[in-house]
Amino acid sequence: MNRLIGKSLTRRGVLGAGLAISGVLAMPSILRAQDKSLKVGVYGGYFKKSFDEHVFPDFTKATGIAVESVAEPTGEAWLVQLEQAAKAGQAPADLSMMSQTSTLKGQSTELWTPLDTSKFKHYGDLLPRFINKYPDGRVAGIGAVAWWITLVSNTDVYKDAPTSWAALWDKANEDKLGLLALASNSFLLEVTAKTFMGGTNALDTEEGLNKAFEKLAEVKPNVRLWYRDEAQFEQALKSGEIPMGQYYHDVTGLAIADGFHVRSTFPKEGGIQDSGNWVLSRASTKVDEAHAFIDYMSQPSMQGVMSRKVGTTPTLKKEVLDLKPEEFAAVSSDIDPIIPRYDLYTSKADWINQKWTELIVG
Amino acid sequence: MRREAPKSVADYTPLFFPALMLIVFFVVPFSTMIAVSFFKRNPSGFYTPDFVFDNYARFLSVFFGGVLGFSLMLAVLVAVCCVCIAFPFTYLLTRRPRRVQTLWLVGLLSVLSLSEVIIGFAWSTLFSRTAGITNLFVAIGLMDKPVALLPTFGAVLTGMVYQALPYTILVLYPALVRLDPTLLEAARTLGASPIRAFFNVVAPALRNTIVATLIMVFVFALGSYLLPQILGRPQHWTLSVLITDQAIYQSNMPFAAAMAVFLVLISLALVGLTLLVGRRENAL
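Which chain is which? The protein sequence lines are V and B, in order. Quick note on numbering: the first sequence equals residues 80 to 441 in our numbering. Quick note on numbering: the second sequence equals residues 203 to 486 in our numbering.
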């Protein structure tokens, strides 16, 4: 047996086979380099599936640019990977979906290639909150997907919909709420500021932040669950075990469509609007293709497709969209949103995190 | 059989593979973690190689001391509960016919196939007001109306004991099976009741096994971070939960590493202390 292997596997043979294999493996990339292509990082799971189905094939048809979609993790792991790869001159993805906080963090190391806005036909129609700029005004990112966190409730337990975020503070709701567990994903400081302190500008000073923390501490007795994992709260909300809380508007819509007795309310202070940007890694050489992709995604018709098929909030002004009123209402609201103070989660991240943890754990 | 002391390098070769594995999968990652714990945190994103004590300084506070104390207390409690339940259970199991033993062990092994997530969600349903076991109590007239048994400390403890119990039994089983039955027969002949014989003969004879099992369950429970989140309130979050927060959500690797190093050192110290005390008692 050994002899047989010795004969068939000579050193030269192995080397030859290795060369042949690496040649075969290298072929597609040579071919690809001749065609136009783009690697796009999208959040794995639902978003990647939706984009692979509803967006990328049509984009390739319209522009001739082939798209390779890369599943990226949420959180900051992807930012760290992009940064380390860029140091080595590599781009695991040319364009990536990036949270606002991560976009700001990437700015600090000039990780994002500034975008040439003259190449985007509908740049003027973008809502200002979906344009992420470097401090000197260069554009670092353009809104990719946006979603709402709203006040949700179980319709069996609450016959009437709550109208204000102040419901979270209502003494009648003791031990009934489910809230997100981290300052940087619940945005409850912003909610507190908008509801009780006249707006999120109140958080500019440390004094204002302390006041918001104090006010927020009053919510604690009402909270039954501080969740990190969505499924944990969704289940309890549907069953009425935890009948009120903050949750994602789109996912609540899916639950309603499935017949569960839940509702999502835009409070009068506004829903929380969170979003992700398209950002271009500085290590990427596909600058033109990336601009073509952002331009394609920022068309009113594409934003309509995204709202209808994926359930995201349009990044463009309402006037230019082709959404019917009920389609628009399903993914957005005319009430002025609460825009998170992303800057706080870069400049004062550790301080806020420490105070927050002490607030809810202590 | 007589064992000869190894004479040449070749005699040590069987050690190379385990040593290599230990280096690759333990020494290198752990050293990296220790190194990172001294790095400087840059709040706007990443960290830079450095040698600062900031991360450890931040940890040395009443707040984190409290969390660390709670985590250790919880792990000790889980270990004690597990051994208290598993030891008599395993002992009784070893007295059963072979077939029964096999069935029980297969059942226990199948519990091991459940992930922490499944265990957590299953218990959270069992303890819920809307679908939980209290509905059964209402049905048989023990309670007036169903109540939620979570989030509570009891729920966390139950979930963690449930998760660690199969391991405990499987670690105790070989030792109990090999226990010389004549020991017990002698005790009975000399007039001890079964319970007295169990506590005065069986338990002391297996003291080292019991201590080793306690340590294993303690270390196992110390790493738990999902069950405290699903079944407990924030007061019941362990240090592992806060480490995860720092590493994954705040991308503060240096601080997460410092906390992890601290946790490892404290638990190693506790394990060392336990062994030391055990040895001293044995020597007497």
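Hints may contain errors.
[What the hints assert, rightly or not] Listed next, the in silico BS3-like pairs over lysine-lysine satisfying Cα-Cα at most 27 Å (straight line):
1) V:K212 / V:K250
2) V:K115 / V:K403
3) V:K397 / V:K118
4) V:K198 / V:K434
5) B:K242 / V:K250
6) B:K242 / V:K299
7) V:K317 / B:K347
8) V:K317 / V:K427
9) V:K212 / V:K198
10) V:K388 / V:K200
11) B:K347 / V:K434
12) V:K238 / B:K242
13) V:K294 / V:K128
14) V:K166 / B:K242
15) V:K396 / V:K212
16) V:K128 / V:K166
17) V:K347 / V:K397
18) B:K242 / V:K427
19) V:K365 / V:K238
20) V:K299 / V:K238
21) V:K127 / V:K200
[Stated by the list, open to error] Pairwise CB distance ranges (calculated):
22) V:Q314 / B:F228: 46 to 56 Å
23) B:T250 / V:Q314: 37 to 47 Å
24) V:Q314 / B:V466: 47 to 57 Å
25) B:V302 / V:Q314: 35 to 45 Å
[What the hints assert, rightly or not] What the simulated footprint calls covered on chain B by chain V, stretch by stretch (three residues with Cβ under 8 Å from a Cβ of chain V suffice, anywhere in the stretch; the number is not a length):
26) 330-339
27) 450-456
Since the hints were derived computationally from the structure, they do not count as laboratory data. For glycine and all other residues, C-beta sits at the position ideal for the given N, C-alpha and C.
Next on the checklist: Given the hinted pair K128 (chain V) and K166 (chain V), is their Cα-Cα distance within 27 Å?
Outcome noted: 30 Å, violated
Checklist entry - When you check the alpha-carbon spacing of K299 (chain V) and K238 (chain V), does it fall within 27 Å? => result Measuring from Cα to Cα gives roughly 24 Å; hence the hint holds.
Next on the checklist: Next pair to validate is K347 (chain V) with K397 (chain V); report whether the Cα-Cα distance is within 27 Å.
Outcome noted: 19 Å, holds
Item to check | Hinted pair K317 (chain V) and K347 (chain B), Cα distance within 27 Å | outcome: 20 Å, holds
Checklist entry - Per the hint of 37 to 47 Å, is the separation of the Cβ atoms of T250 (chain B) and Q314 (chain V) within bounds? => result 42 Å, holds
Next on the checklist: At least three residues with a C-beta closer than 8 Å to a C-beta of chain V: is that true for the stretch 450-456 of chain B?
Outcome noted: Since three or more residues must qualify, the claim that chain V covers the stretch 450-456 of chain B holds, with 5 doing so at under 8 Å.
Checklist entry - How does the Cβ-Cβ distance of Q314 (chain V) and F228 (chain B) compare with 46 to 56 Å: does it lie in that range? => result 38 Å, violated
Checklist entry - Regarding the pair K166 (chain V) and K242 (chain B), is the alpha-carbon distance no greater than 27 Å? => result The given pair, whose Cα atoms are some 19 Å apart, holds under the 27 Å limit.
Checklist entry - If you draw a straight line from the CA of K294 (chain V) to the CA of K128 (chain V), is it 27 Å or shorter? => result 41 Å, violated
Checklist entry - Does K238 (chain V) lie within 27 Å of K365 (chain V) when you go C-alpha to C-alpha? => result Roughly 54 Å separates the two Cα atoms, so the pair is violated.
Item to check | Distance restraint evaluation - V302 (chain B), Q314 (chain V), Cβ atoms, bounds 35 to 45 Å | outcome: 38 Å, holds
Checklist entry - When you check the alpha-carbon spacing of K242 (chain B) and K427 (chain V), does it fall within 27 Å? => result 16 Å, holds
In this structure, the hints that do not hold are numbers 1, 2, 3, 4, 5, 6, 8, 11, 12, 13, 16, 19, 22 and 24, in rising order.
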